[in-house]
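With the hints as your guide, set chain A onto chain W.
Chain residues, written in single-letter form:
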Amino acid sequence: MRQVLMMLPTSAIRRPITALGVLFLVVIVIFAAASPWIAPYPPDVMDPVNRLLPPGGDHLMGTDHFGRDTFSRVVFGARLALLIGVGVVAFALGTGVPIGVLSALFPALGRVLMRMVDVLMSFPSLLLALGLIVILGQGVFNAILAIGLIYLTTTARIVYGVALRLKAEPYVEAARSAGAGTWWIVTRHILPNMISPLLVQASFVFAFAQLGAASLDFLGLGAPPEIPSWGNMLAESRIYITRASWLLLWPGLMIVLTAFSLNLVGDALRDRMDPRFREMVRR
Amino acid sequence: MSRYVIRRTGAAIMTLIAASIVIFAFIHLIPGDPVYVMLGDGATPEQVAALRDRLGLDEPLVMQYLIWAGNALRGDLGVSIFFETPVTQVIAEGAETSILLASVTMVWIILIGVPVGILAAIRQGTLIDQGLSGLAMLAASLPTFWVGLYLILIFAAGLGWFPSSGYPSIFEEGGLVNLRYLVLPSLALAAPNAALILRLTRASMLDVAREDYIRTARAKGIRPTRVVLRHILRNALLAVVSAFGFTFAALISEAVVTETVFALPGIGRTVVQSILRRDYPVIQGVILITVCLYLVINLIVDLSYRYLDPRVELE
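The listed protein sequences derive, respectively, from chains W and A. Positions 28 to 310 (my numbering) are the ones given, in order, by the first sequence. Positions 615 to 929 (my numbering) are the ones given, in order, by the second sequence.
All clues given are correct.
Pairwise CB distance ranges (calculated):
#: 1; chain 1: W; residue 1: L163; chain 2: A; residue 2: L773; range: 41 to 47 Å
#: 2; chain 1: W; residue 1: P251; chain 2: A; residue 2: V855; range: 39 to 45 Å
#: 3; chain 1: W; residue 1: N77; chain 2: A; residue 2: L773; range: 26 to 32 Å
#: 4; chain 1: A; residue 1: V651; chain 2: W; residue 2: P125; range: 31 to 37 Å
#: 5; chain 1: A; residue 1: G656; chain 2: W; residue 2: G166; range: 21 to 27 Å
I should point out that these hints are in silico values taken from the structure, not numbers from a laboratory. Since we're looking at a predicted model, the values are computed, not measured. From the three backbone atoms N, C-alpha and C, an ideal C-beta is built for every residue, glycine too.
For reference, chain W alone in the conformation it holds in the complex (with noise of 0.2 Å):
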């Protein structure tokens, strides 16, 4: 693990826009945590004879149709767009990891539990959670369960996949003859060579999460109104357009370059790690 993320700053001088990147990553991460101290007004305070102010002035970002402040919103958003890529990837990895892992272990079991992945993937992604949603019901806890079950899928075959190819590794057969059982075969074996693999789905489903939960905030089926995400804000604004643009711009830059970086992060992980692509990179 440590070894992985050494890899990190090499890779990012190499390519200064992945730096970038990350820096922006930090300051999503400090929006997020530091809120209340950034943000310069509370982001549900209306003033009602500032509406729909252009940027500049007092309020550096304009104010949206109830003259609360596009700024502050935009910082307290970062709050909502980190616990749905956290949550995300959580329950992604967290389900996808053991589905995969079992099913290369043990084949009758895998049948089974990849034909049920593959039932899944037959879904459109976005019908998929929709349906889910019209299930649970809207709200936060509900948007990262159905976009997270669109990540099962993709990561269940993933892990599968590595999990496969580590089985048949000489190694792992070494480690078996030799009286291993099964749970140190995966704690020592399986489960630390598939950490860089990890990695790089764990950023680009990071960064998916961010485009998945603002179509739902969009349609009005992802976090209630009440909350500041960036998808909510766009949604609230697509009415001001014309006479109000920047309300449009700031909570959509945050979302493509929250997703960008995270692309640009995950890209760099599998240029370090994957040797098939390493390869041509070196050609």
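Then chain A, alone, in the frame of chain W:
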């Protein structure tokens, strides 16, 4: 070959049956009595009894499934609670918009994604490649509705080049000119998907370029442009073309958001409205049809892949 076709088709049918059970269970997983959930609290006992009877909710679950699946096989997906017309009719009304939107979007994806991907692969490692690959990753990080809103702001509200919302059928007044209503929505929907096809084209080209037969071709002294066009491109595009199938199926689902932004009367917007109206038979019907579509496309891609690339047989 024919054994493979039968096995592969059988697997697709099994997946469809399993998926249909999930879709059937959907209406029973919604908390509360589905009849009251759909009709609201103000429903009269007669209405409740009628709907309960129509949905067959008094039968045992297994019977309910068999009745529902049997009806679906005969093309009867039930009746919309809101419109009180057959679900198939509700879906058919949105089909033109959704299919045309997905088709126009595919044109953009192919016109932009494939050539630019080829360019990036040919110029691999250069500034052009890095710039294009970076742009592709940025495009893949774009929420389609945000792109859509900006397109409306610039090209509809600002310049007035294209309409901002709605879509009249091409079979009505205006004819094919009505396709201009789909220009902005299809561009918004194409942006992230063209980026994915670009990345796939590039990766696939580079994969093929490492094959032994490419080295052989170069060693034989075949001109580099000919190696790229005849040897690399033709083989690389196989993987790309097979991805078109999944992309098309995915567009039908992703269009849910785009159709909402541009107020297009398609299947996607019907789904969102049906969720808000608690019109569950329509949601069930749309999901069932899109899953069928996905499985059929998947099957065709798999079978044709095997036909086009005999090496797949070795696996």
